[in-house]
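If you're matching them up, the sequences are chains C and A in order. Everything in the first sequence is counted per numbering that gives the first Met the number 0, starting at 0 for the first residue and increasing by one. Everything in the second sequence is counted per numbering that gives the first Met the number 0, starting at 0 for the first residue and increasing by one.
In case anyone wonders, no lab produced these hints; they're calculated from the structure. Do not take every clue at face value.
[What the hints assert, rightly or not] Examples of chain A residues toward chain C, derived with CB under 8 Å: (1) Arg-72; (2) Pro-85; (3) Arg-99.
Note that beta-carbon positions come from the ideal geometry of N, C-alpha and C, so glycine has one too.
Residues per chain are reported as follows:
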Amino acid sequence: MSVFRTLVRRELSAFFQGPTGFIIIAAVLFLIGLGFVVVLTGLNGHATPMPVTQVFYGTYFFWLILLLIAPIITMRSFAMERASGTYESLMTAPVGDWEVVLSKFTGALVFYAILWVPLLVCSLVVRLYVGESAVLGPGPMFTSALGVLLVGCLYMSLGCFASALTRNQAVAAVSSFAMGAALFFTGFFSYFTGDRSDWISQLARHVSLANHMESFSRGVIDLEATVFFISLTALFLYFTHKVVESRRWK
Amino acid sequence: MIEVQHLTKRYGQHVALDAVSFSVGRGEVVGFLGPNGAGKSTTMRILTTFMAATSGTVRVGGNCVFENPMRVRKRLGYMPENNPLPPDLRVGDYLRFRARLKSLANGEGAKRVDVVIGQCGIVDVAGRFIGQLSRGYRQRVGMADALLAKPELIVLDEPTAGLDPNQVRSVRKLIRGLAGDHTVLISSHILSEIEMTCDRAVILHQGRLLASGALDVLMAKADTAVVSEVRAPLSDVKAWGEKLALGQVECVEQLDGYVRCRFANATSADAREKIFGSAQERGWLLRELTRQAPSLEDLFVNLTRGKEDGK
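The following block holds chain C by itself, in its conformation from the complex (with noise of 0.2 Å):
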């Protein structure tokens, strides 16, 4: 447990020792004080019967944010460490292949949760001046903040696969960016296929993270999809163990 607490801590250390974890914050910070300001501005004078969040979730800052920042944040995890050559001392020092894969996994997802506690104080400050607790409530909050950790657990495991992958960054990041990209598009098919209960409908609707998104920002936790992001992600560090597994095939 303590060498798991070691390389999580490490991991994290690595955001911040450059520049690299600083830029990504600002990055994400303007973002999301933009994407606050113009949801503010376009709701301004307008009643909604909407939770605040949700209409956040509901553009397309939070994705943007999320499709643009995941490979970026997962891309050095296993990359870097290969190209230059630190991989090697790490998985000769008696340390479980496990152990590497769930501290870069915890250390990324650490990391994002990190990015986004300012959308939690825009949040706290807008219901300050609203006063009226219901279209903030600490409900929707929560389950807003739980999905946004969930989606952010299936980004992370997915750039860690896509960076064990390479010794490239750059490709670490486009190919994850690719992957996370494609599942996401993918759910829009619903808003083609609509109600139709054909299988490929059904299916855009399961993986449709959008939908999901929107039942965490309205205050619900959906079982369907807290299992949806909790077994993709399960089955994304499954695939990473088997990469870094790998070197030790015969």
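Based on these hints, arrange chain A on the given structure of chain C.
Just chain A now, with coordinates in the frame of chain C:
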């Protein structure tokens, strides 16, 4: 300590290691010798559980590297080729990080970090970022990491590559100091390196084992050259050299009237007596008569030539 049997590693069609077998006893300092691409690093990567072999068995301290990699890693200190280190950490922080990875308890870890920092002579750079260090210091940081957990087996892949002569000397001294307490395996393509630091050598060439054994036994197989300088006309000396029948002879005229002869494989014990006696008979002045200590280089040349002739 190390038992390697029929170790084979293939990368697709390319055979990196071909049925290599050797063993290393506890407390020995063994040199891995061979030109670039001979399979030294591949062997080390398999030994240190980083990679799996295609076939063959490797045991370290009785544990199979494939079935029990964790047990092997706990007894191991390894400095990979090119000594990769994270540039964004300070030397002290890096070693403390590695100590925790190697499951040294906090107090013990801190103590060991201090010990290896002293042992490797990196006290004055302990607070600096690894990325800012010179190659010599970085090499010592890598060695400090390898020594950290007092491992039974220390594997260093080309520990002196890219160092200046002074740094090479200090690294060599450090390695010699490890003998006895630790089993040490180092690799090098510099033959004199192995000669100066190791008791035994394992010689690899194109993935195959050329020779392995105690250095003096291996050296006995090398040709002994004798060099002499006599004062006489070149043609006379050439004829004399042939007549002595001490094997191949090369004669080079010097500027001051002397001729330098090199008897390339004057293996017989009385070679020097013969040369001296016959030069005296002719009344030639003899100002040098030296037996050149056989170097691993001679041995290596001989061994590889033997293989190529055999093909």
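Outcome of the hint check:
no.	hint	in the structure
1	Arg-72	4 Å, holds
2	Pro-85	6 Å, holds
3	Arg-99	4 Å, holds
Violation of the numbered hints given earlier is absent; every hint is satisfied by the structure.
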